[in-house]
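Undergrad: Sequence:
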Amino acid sequence: MNKVTWHMACYVDDIPEDGGGCAFIGGKQIAIYNFARRGEWYATDNQCPHRQQMALSRGMIGSHGEEPKVACPFHKKTFSLQTGQCLNDDEYRINTFPVMVKENRVYIGL
Numbered sequence: 001m002n003k004v005t006w007h008m009a010c011y012v013d014d015i016p017e018d019g020g021g022c023a024f025i026g027g028k029q030i031a032i033y034n035f036a037r038r039g040e041w042y043a044t045d046n047q048c049p050h051r052q053q054m055a056l057s058r059g060m061i062g063s064h065g066e067e068p069k070v071a072c073p074f075h076k077k078t079f080s081l082q083t084g085q086c087l088n089d090d091e092y093r094i095n096t097f098p099v100m101v102k103e104n105r106v107y108i109g110l
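Numbering (this note's numbering), first residue to last: 1 to 110.
Keep in mind that a hint or two might mislead.
Each computed BS3-like pair below joins lysine-lysine, with the alpha-carbon atoms no more than 27 Å apart [as the list claims (entries may be wrong)]: (1) K102 - K28; (2) K28 - K3; (3) K76 - K28; (4) K102 - K3.
Here are the in silico distance ranges between beta carbons for each label pair [unchecked claim]: (5) F24 - M60: 15 to 25 Å; (6) P73 - N95: 15 to 25 Å; (7) K3 - M60: 31 to 41 Å; (8) R105 - Q29: 18 to 28 Å; (9) L110 - D14: 12 to 22 Å; (10) H75 - G19: 18 to 28 Å; (11) D13 - D89: 30 to 40 Å.
These are calculated hints, taken from the structure and not from any lab test.
For every residue, glycine included, the Cβ atom is placed at its ideal position computed from N, Cα and C.
Build the full structure now, drawing on both the sequences and the hints.
TA: Written out as structure tokens, the structure reads:
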């Protein structure tokens, strides 16, 4: 099992409710989502594997049944925020990362 190292990414107020933002951590762009309607936080790659664009943090978040998801703002590929699996094309997948919110700070585990 890999050990997780926590990185302070931003403050809670930096990420809009029911929206996303991006942080550069460990040489990677990480998309961070504040899914306020569900009271949950998620983090994924910011790069959409479909066209290699750094855009997922600007995508719309919502649910596919009970599955939280983000839609790429350019091509509408949707990805599970829990598993990273593309929900409308089995060919694509993104990395997901653990999130911890503590004392108004958002930490991402890498």
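Undergrad: Hints first: check each against the structure and report whether it holds.
TA: Verification of the hints:
no.: 1; hint: K102 - K28; result: holds (22 Å)
no.: 2; hint: K28 - K3; result: holds (18 Å)
no.: 3; hint: K76 - K28; result: holds (22 Å)
no.: 4; hint: K102 - K3; result: holds (19 Å)
no.: 5; hint: F24 - M60: 15 to 25 Å; result: holds (23 Å)
no.: 6; hint: P73 - N95: 15 to 25 Å; result: holds (19 Å)
no.: 7; hint: K3 - M60: 31 to 41 Å; result: holds (34 Å)
no.: 8; hint: R105 - Q29: 18 to 28 Å; result: holds (19 Å)
no.: 9; hint: L110 - D14: 12 to 22 Å; result: holds (18 Å)
no.: 10; hint: H75 - G19: 18 to 28 Å; result: holds (19 Å)
no.: 11; hint: D13 - D89: 30 to 40 Å; result: holds (35 Å)
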